[in-house]
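Residues 282 to 484 (our numbering) make up the sequence shown, in order.
What the hints contain is simulated information worked out from the structure, not anything from laboratory work. Since the model is a prediction, treat every value here as computed from it, not as a measurement. Treat each hint with caution, since some may be false.
Computed cross-link-like contacts, BS3-like style, restricted to lysine-lysine with a CA-CA straight-line distance of at most 25 Å [stated by the list, open to error]:
1. Lys423 <-> Lys396
2. Lys443 <-> Lys457
3. Lys396 <-> Lys443
4. Lys432 <-> Lys443
5. Lys432 <-> Lys451
Derived DEER-like restraints, expressed as beta-carbon distance ranges [to be verified]:
6. Asn384 <-> Glu447: 40 to 48 Å
7. Asp464 <-> Thr335: 54 to 62 Å
8. Leu373 <-> Lys457: 34 to 42 Å
9. Leu337 <-> Arg437: 31 to 39 Å
Just so you know, even glycine gets a beta-carbon here, dropped at the ideal spot from N, CA and C.
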Amino acid sequence: MGKGNFFFKRIVVVCAFLMSGCTENSDPDDPRTSEEQVSVYNEQLVSPPETSNTPLLTLEEMLGAIDVQQALAQAAADDDAEALALWQEALLSAADQVNLAPNERSLITGRQGLKYLEFQGMKTNYQAAFERVFLEFEDVSKVYENYPAFKNLHERSMALVKQRDELVAKVASQLKEDGYDGDEVAEARRQWQNFFLSESSTN
282 MGKGNFFFKR
292 IVVVCAFLMS
302 GCTENSDPDD
312 PRTSEEQVSV
322 YNEQLVSPPE
332 TSNTPLLTLE
342 EMLGAIDVQQ
352 ALAQAAADDD
362 AEALALWQEA
372 LLSAADQVNL
382 APNERSLITG
392 RQGLKYLEFQ
402 GMKTNYQAAF
412 ERVFLEFEDV
422 SKVYENYPAF
432 KNLHERSMAL
442 VKQRDELVAK
452 VASQLKEDGY
462 DGDEVAEARR
472 QWQNFFLSES
482 STN
């Protein structure tokens with residue numbers, strides 16, 4: 282399966298943006314309340330020296346923290362305005378501690394800031410939903426229906442689906458040429474899924 286592995290590596294490179302942006306949703310069995318999760322997040326922050334005015338983190342880095350991603354995703358999924366407000370307060374406090382650039386701090390300030398944080402949570406949920414159907418060869422149009430706000434990503438994600446299907450077809454053709462005794466397409470899909478997951482876990 283040398284040819285198959287070559288094709289697999291090509292599709293993983295193309296799909297890297299998707300896997301790097303996707304995170305799992307918050308554990309529904311997590312007993313911590315939103316207030317407790319925010320408290321833990323605040324305790325993990327280390328105050329910078331008072332003399333430093335250089336930003337220690339960017340907004341992207343702050344929002345990229347796993348706890349933050351999961352919390353915003355859960356709040357967006359639950360339409361939980363209270364949780365969003367709690368995390369906005371925590372993030373603004375963190376922004377002050379790390380000297381976040383003023384133009385970035387303004388993005389998470391006020392009512393518009395709440396909408397921005399909700400959008401970030403929705404984006405995480407969209408990516409997770411797309412990843413699941415993409416991996417399982419299910420109908421991605423259902424994801425588009427549930428997340429119309431990400432219409433600008435639909436064309437790009439459909440290109441990924443097309444490339445995935447072309448890859449699987451090539452691997453299935455190679456299996457047939459090699460005399461594989463079974464459903465070539467099903468086997469090609471299985472190998473693609475295994476390779477995709479293994480590559481994702483190392484990124």
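* Numbered hints the structure breaks, given as an ascending list -> 3, 5 and 8
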